[in-house]
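Asks: Spelled out, the chains give:
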Amino acid sequence: MFYRENGQFKSSYREDQQILGIRQDRWFIFGLIAFAFLVVPFVASDYMFRAILIPFLIVSLAAIGLNLLVGYCGQISLGHAAFMAIGAYAAYNLVVRFPQLNFLLVLVLAGLIAAGVGILFGLPSLQIKGLYLGVATLAAQFFIDWVFARVKWFTNYSPSGSVSTAPIELFGYKFDSPVERYVLVLAVVIVFALMAKNLVRGHIGRSWMAMRDMDVAAEVIGIRPMYAKLSAFAVSAFYAGVAGALWGFVHLGSWEPAAFSINFSLNLLFMIIIGGMGSILGSFIGAAFIVLLPITLNQVLPPLGALVGMNFGTAMASHLEFMIFGALIIFFLIVEPLGIARLWAIGKEKLRLWPFPH
Amino acid sequence: MRQRKIGEVILDVRNISLSFGGVKALQGISFDVREHEVRAIIGPNGAGKSSMLNCINGVYHPQEGEIVFRGEVRRDMDTHHAAESGIGRTFQNLALFKGMSVLDNIMTGRNLRMKTGILAQALHLGPARAEELREREFVEHVIDFLEIQAYRKTPVGRLPYGLQKRVDLGRALAAQPQVLLLDEPMAGMNLEEKQDMCRFVLDINDEFGTTIVLIEHDMGVVMDISDRVVVLDYGKKIGDGTPDEVRNDPEVIKAYLGVSH
Ligand SMILES: Nc1ncnc2c1ncn2[C@@H]1O[C@H](COP(=O)(O)OP(=O)(O)OP(=O)(O)O)[C@@H](O)[C@H]1O
Ligand SMILES: [Mg+2]
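Protein sequences, first through last, are from chains Y and H.
When you number the first sequence by my numbering, it's gap-free, plus one each residue, and the end is 359.
When you number the second sequence by my numbering, it's gap-free, plus one each residue, and the end is 529.
Think of the hints as simulated: they come from the structure by calculation, not from any bench.
The beta-carbon is built from N, C-alpha and C at its ideal position, and this holds for glycine as well.
Taking CB as the label site, the calculated pair distances span:
| no. | chain 1 | residue 1 | chain 2 | residue 2 | range |
| --- | --- | --- | --- | --- | --- |
| 1 | H | Ser298 | Y | Ile263 | 53 to 63 angstroms |
| 2 | Y | Leu293 | H | Leu391 | 23 to 33 angstroms |
| 3 | H | Lys366 | Y | Val148 | 35 to 45 angstroms |
| 4 | Y | Gly310 | H | Leu391 | 55 to 65 angstroms |
| 5 | H | Asp471 | Y | Tyr228 | 26 to 36 angstroms |
| 6 | H | His329 | Y | Tyr133 | 22 to 32 angstroms |
| 7 | H | Lys421 | Y | Ala307 | 49 to 59 angstroms |
| 8 | Y | Phe99 | H | Arg420 | 42 to 52 angstroms |
| 9 | H | Lys421 | Y | Val336 | 22 to 32 angstroms |
| 10 | Y | Leu293 | H | Pro423 | 29 to 39 angstroms |
| 11 | H | Leu387 | Y | Leu124 | 16 to 26 angstroms |
Kindly produce the complete structure, drawing on both the sequences and the hints.
Replies: Here it is in structure tokens:
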């Protein structure tokens, strides 16, 4: 009885179109953002920032990008980390070759370059669907991996093939410590998440979802498949590119091509399957899950093992991690394709009626 | 009696032939549709009725013939051009966007008119907001007209079949088509739902002057609401005229009325 829209009348379509229709939802999200900006920086440890919060935020951004393409537009990409690689190397080259560029501009340019490549690798989607498109995007992954490993120009002829970056400087301020980097990433991710939410509730988002749900009907109503699909590839790759640049510059600092391998791509897919297809919130939930699970297992298993007199090493933890992922993915694919975000929505619906059963 | 006057020929289908491999779905079909009329297409299962509509709005591309729409002669249509020039369509088998709400489904009917770019959308700039509100207002009229206000935010998949058919109609209507192609809008409905749907079709025709091309199996409905009827059988046209003419045509009786119902 406490969580509901009761008494919150919408007197205009504008009000009705707000992102978070229910006041409690709005408070919750605002509260969360305020907490992330005002409380977390003072209480979290460096380890928390480096190992959990920063990677979580960045992969959330990449997962949002992939979700726009897969969850909203119904296309598939098995090589999304390759677009992150494009963003990371584009940003690296921009910084090396034009050191005076503002890093925010570098981020946007890196995203745009990734978007261009995304359109290119999205072209097969105009002809093929499903499994075949999956294979085509896999080819993108391997091709792009190969390019960054072999074409030395992209790595500025570094002998080892790995590249390293200096701390980010913005308007004369150096983002060096973990907490500073966290705040920077947090700001970028919140802005991009809001933009994604805006996109999916507008006519472009509707054209994506229409293509996903019933492409013939979408065409008949006047939606151009080419425009809908390629714009989804472009925006999705843009997000991946920005996330990749952040991953390289803020999280890793130095990296080699293997940092954006097929494993990363598959992890991104797992995130949106577990978190929720076609949900921005789900992208965050899935990312949190995938980032936190291995860390939690590593922390929890050894003491648990000691308790029962067994020795669970790190190897055991990583085996368990695979098993749990596998089980969860199968569970969500079969039982709840809309992921944890959907379970959350069902929970809210129940809460709206609580304490009455109906 | 309905108050409207039937105008000039708006859609002229000439000598259309369509085959799938060996199956001749349509063989040299010609007929015309006049502005503001309700034109029915009838025929037994597999006669080629849906294929005919699919040719008119560019889902299928006939091997022969031409389609004249509002004076423009075309070898065949393409879907986008058809939508843009004012041909709307509902589907025999529901083709709604399952993952979207009633409101969003109908909003896609306005997509052709929504032009703000990706950046304006992402940043929710003034023009993007204004456009969304303007189109939303129109869609609300459609929702009122079809009496589905209560289901605005409901995912379409959760609606009963009859209401889904209504949403399908609403989506097509939102595009403000000049010609509306309805593929069995009343199939699978009970009597009451059929009556509602009949009323909507007639109101659309009456109030907005929309030309209607309607496929329907229920002969009572066809006889009641259509001005002229085309009869197809095995891909051939076997009759064309007013409901009374068609009803009394011996060939039609033999091929169609005799075998069904
Ligand atoms: N996409 C397609 N591929 C192959 N054959 C098709 C296709 N569409 C229609 N046909 C064939 O064309 C013929 C006409 O089909 P159509 O769907 O137009 O019939 P209909 O008159 O609408 O029948 P119904 O009353 O059952 O809807 C049928 O033999 C059908 O099998
Ligand atoms: Mg049919």
